[in-house]
Each structure stands twice: as structure tokens, then as C-alpha cells.
Amino acid sequence: MARLSDNRNTAKGMILSEVLLAGAIISLTLASVVIVIGSIQSILIDVQNGFEAQLLAREEISLAHLTVFDDVASFQKTDGFFTINFSVSHRNDFSMNIFVDVSWLEGLFQKHRILTDQLVDWRHASGSINCDWLDNAKGDLLLINFGTLNADVGNLITDVAALGDFIYVSADSSTSSLPDLYVIDVHDIQNPSIVGHLNTGPGIASIAVSGHYVFAANAGSYQMQIIDITDPINPILISQAKLSGAIVSGSGGFGKSVHFFDNKMYIGLIKNAGPEFFVIDVSNSQLPITIGSYEIGSTVNDIDVQGNFAIVVTPGQMSVLLLDVSNPAMILETSRTSFVGWQTQGAQSVEMLGSSITVGRTLGGFYSPYSELMLLNRNDISSAVNNLKINASVENILGFNNYLYITASDANTAFQILRNDALGSPVVVETFTLSSRGVALTCNSKAMYAVTQDAQDFFHVFSLSQ
Amino acid sequence: MLTEIIVYIALFAVLFSSAFGATFQIIEGIKYLQVQKETVDNLYFFQSRLNSFVQSSSDWENVSQNTVEQLISNSGLSIESFSSQIIETATSSSRVLLLTLGINKKTYTFSYVQEK
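Protein chains in written order, with the numbering used here: chain A, 1 to 466; chain B, 1 to 116.
Calculated directly from the structure, the hints in this document are not laboratory data. Hints may contain errors.
[To be verified] Interface residues of chain A toward chain B, partial, derived using beta-carbon atoms under 10 Å: (1) Leu16; (2) Ile26; (3) Ser27; (4) Val34; (5) Leu56; (6) Ile61; (7) Leu66; (8) Lys138.
Think of the CB as a built atom: it goes at the ideal place given N, C-alpha and C, for glycine as much as any other residue.
Excised from the complex, chain A in its bound form:
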């Protein structure tokens, strides 16, 4: 009996455990299905949020197209549970990349929808250089022509500018009969050749090109010149003028620097008793009109203009001045700054890309501890945000994306490529030896061109290394 009773108990226990097991399986199955449904629902919510996020990103990009180019700036804002991060990065003087990152929290994860676009300031692009190939080249350039051309003996090369397949090189000689503008044909960048030249007088300190014209700052009492290059092989001086108000005495008051922007020539002069900074309306190239001037109190070594702002650099105590030129008849000084070591290191060159300003300085002497490259933020130029010791004078700067291309006074490092790292700190990527002191550089749709000071072997061509 006892055994029968045990069996019955055993059978009863089995039934209960089977029921419980069945219940557990059903529960597990149902839980799995619920989890699967939950996951699918989560995916669908994610897709729907992604749809809304991309609409928000598109809207911000669309509205950026309506904003004045110089006013497009990075920002962050929230819209419902979306966070919108809008950031800009200037490629060059007239174009910028924009990134819109719309993010939202999905459970424990931060999800993102990122759209990118490019804004181009078409209104001002015509006077700017087109070097899109640098997007791919970055820091990887190859020197394909080392000092292939010679200028007239004794001519000192001062500047270079590109327009299409012709490169214009200015020179300033103590012999007034020598040419001060050379035209180089670079249809074949492997075989550049001088195809034209012009003698405008005392010599040209700096040039800019746009449309059919070279705009020159002349190192003489006629500080402003316009040269017609409709026929690049036969450049013609079509107008020149003495700038009213500048007091020419010795070399004081001579032309030193020039920048072209928005149908205006911005000319910088050597220190004199009058203004050193002039704005000239050249809408009519035959009839240039001075529409504004400003006394800097020092020689204007270089100028860059973007939107309503001009930045000028000088060898004086006030190394950098930011000017509001929205009304050229009433130029306002927005801010100025002095760098440490200014007594021996003047500001020589400048490049402004968006709010980033890079200033090149002269070498302060062999043992000078101070940097020659200073990086500023346009919103507050009172102190440098970064700097770099180059151990040579920085003669010219060209910025493209987060790269800086510079010419320097030491022939052994006369051409340098720098990259701004993630923290905005510049690092030298590559240096090249050129034939003499590096003076200036430019680029066109095919290559980059650096000129050196001595007439012998002055022209150097860089292109993609592949």
C-alpha cells in the first residue's frame, strides 16, 4: 500500500511539474514575442524619429542658404527632444562646409542624423582662387617643378596670383627699366613658361587678380594700379593713381599690400604721415574712386577681407587691427592686438578663414623664443589661441580647410604645409626646400605655385603626389 501510495504521489507530482513547465514555456514564448514586438516598435520609432531629424537638418541647411555668408556661424539648439548641432568649417575665402547633426536619446543610446552641405559665396567667388583639388591633396603635395624659371637679373620677386591657366608674378627692382609683372602660362604645369611681361614703373609690391584685371600696389608714388589682362600675353596698364591723403616721403607712402574683394581694392601703404589703409571702388576699372581711408600708424604689410571685416597686419607694436569696413567712408577699428616680442618681430602676413585668423610674423633673431605663427579668433583677437615656432619669417599664408600652406624666409624650409589638429593647434606636416627665400604662394585648379625672392629659379610648382 505504501508503494502504491508513493506511485500515486509521484504521478501527481509529474502532472503539476508538467503544468508548471508548460506555463514557463508559454511565458517564455510570450515574453520573447513581446520583446521582439518591442524591438520592432523601437526600430519603427527610431525610423520615424530619424525621418523627423533629417527634416530638421534639412530645414537648418535651407535657412543657412539665406544667411549672409559671413554671418553663417556654428550654433546649438533644441527642438522638442531633438538637439541640433550646426557647425561650419571654411574651405577657403568663399566657400564653407556645413554639418548639421540632429541627435536624440533613444533608450540608452544617443542617435544621430547628420547632413552636410557646402555654401558658396558666389557674389565674391569671382575674385577668389579655385583650388578644389586641395580637398584631396590635403598635406600630400609633390614638388614637381623646382625653380624652373628665371626673371630678369636683379629683379626681386614680390608676389604671385593665379587666374585660370595664367600665373601673374610681381617684381620690384632697383632698376626701373626692368619688368615688374611677369605672366606665366601653366596650361602644362610640367612645362611652365613666361609668355608676357610689363613694366609699370618703380616696381610692384603686391598684386591681386579678378576678372580681366590685375590690381597692384605699386612701390612708388602711384600706389594704385590696374592692369588689363584680357589678353594675358599682353598686359596693359589701364589706370594708376596717387592716393589722396597719403604723404609720400622717401619710401613712406609707397604701396605695400593689396587685396581685392567685392569690386573694391584694399590697399596698404608704407608708414607715412597720412592714412596707410585705403578702400577704392573699382567697379569701373577705368575710373577707380577712393571711397575710404584709415590711418593705421604703421606700414600695412598684408590685408585680408571677409564680409564687413578687414584685417591688417603691421610691423609695429599694434601687430593686428580688425576694421569694420561695412561703410568704407567711415572705417571703424573694431579691435587691435599686440604680440609678445613685437619689438623685434613684426606681423608680416595674414589669412582669415571665417572666425579663424592666422598671422605670420618675422623671425625675431636667431635666439628669439617667440613664435612666428599666431592663431587668433576674430571674435576676440586680444590674445592668440594658439601659436607655433617656425624659425623663419612667415611671408605668406594660404588657408584651405584645416590646412595652412606657408612660404617662409629660410630657403631650406621655404614652403611648409601645416595642419590644424582637432584642438586647432597647428603642426607642421611637411617642409620643402626652395631655391631662395620663400615670398608668396597661390594656387589654381591644377596646382599650387610658390615664388622665391631671387630672380634665378623663382618659380616652383606643387601638385597632387599621385
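Place chain B on chain A using the hints.
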């Protein structure tokens, strides 16, 4: 014995009611997912059609509620509200069209850029 039978019946009742309840919820959930998926699919489909239409329209004045409703008519969606705004500024060579549409109780803003 009776107690056992009652306990079993109660146990099965709870188990099966839970199972039926859960199954019902799952079916409802699947139906909801299906509707949601269709909505998302339809939104993307509609956006694609809207993009084609707006980008091929030289005159944005023609982008009206009627034309948009025609585009959406066979997509399974309906427009509950409509507003259109063309923005131009003196300083920009572009103009922007903002189409704000109420669809399935949500508001979506579709934006387009065009050279003047």
C-alpha cells in the same frame, strides 16, 4: 481530490487567460506595428514624391494644398493642416520654401532651396 481539481482548474484558468490576453495584446501590437510601419513607409514615399515635384517646379507659387493633396492621395496618408512659406532675402541669391504639413497628428516641415 476536489481541492486538487479546483487548484488545477484555477491554475489553467489563470494560465490560459494570461496566454489569451497576451496573445490578444500581441495581435494588437502587430497590427499597430503594421500601421506604424506603413505610416513610416508612406512618409518616405510621400517625401520622395514631394521632393520630385517641388524640385521640378520652377514656380513655387504652384505648390498649393491641392497639389500636395494630389501627391499624397494614393499614399495612405492624409493632410490635416497645410502651410506654405517662401522666404527670400535681399542678400541671398537663394530662396527657401518651407512646407509645414500636419500628417497623422504630427507636424512635419519640408524645406527646399532654389536659386532665384
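Status of each hint after checking the structure:
no., hint, result
1, Leu16, "holds (8 Å)"
2, Ile26, "holds (5 Å)"
3, Ser27, "holds (8 Å)"
4, Val34, "holds (7 Å)"
5, Leu56, "holds (8 Å)"
6, Ile61, "holds (8 Å)"
7, Leu66, "holds (5 Å)"
8, Lys138, "violated (29 Å)"
The earlier numbered hint that this structure contradicts is number 8, and it is the only one.
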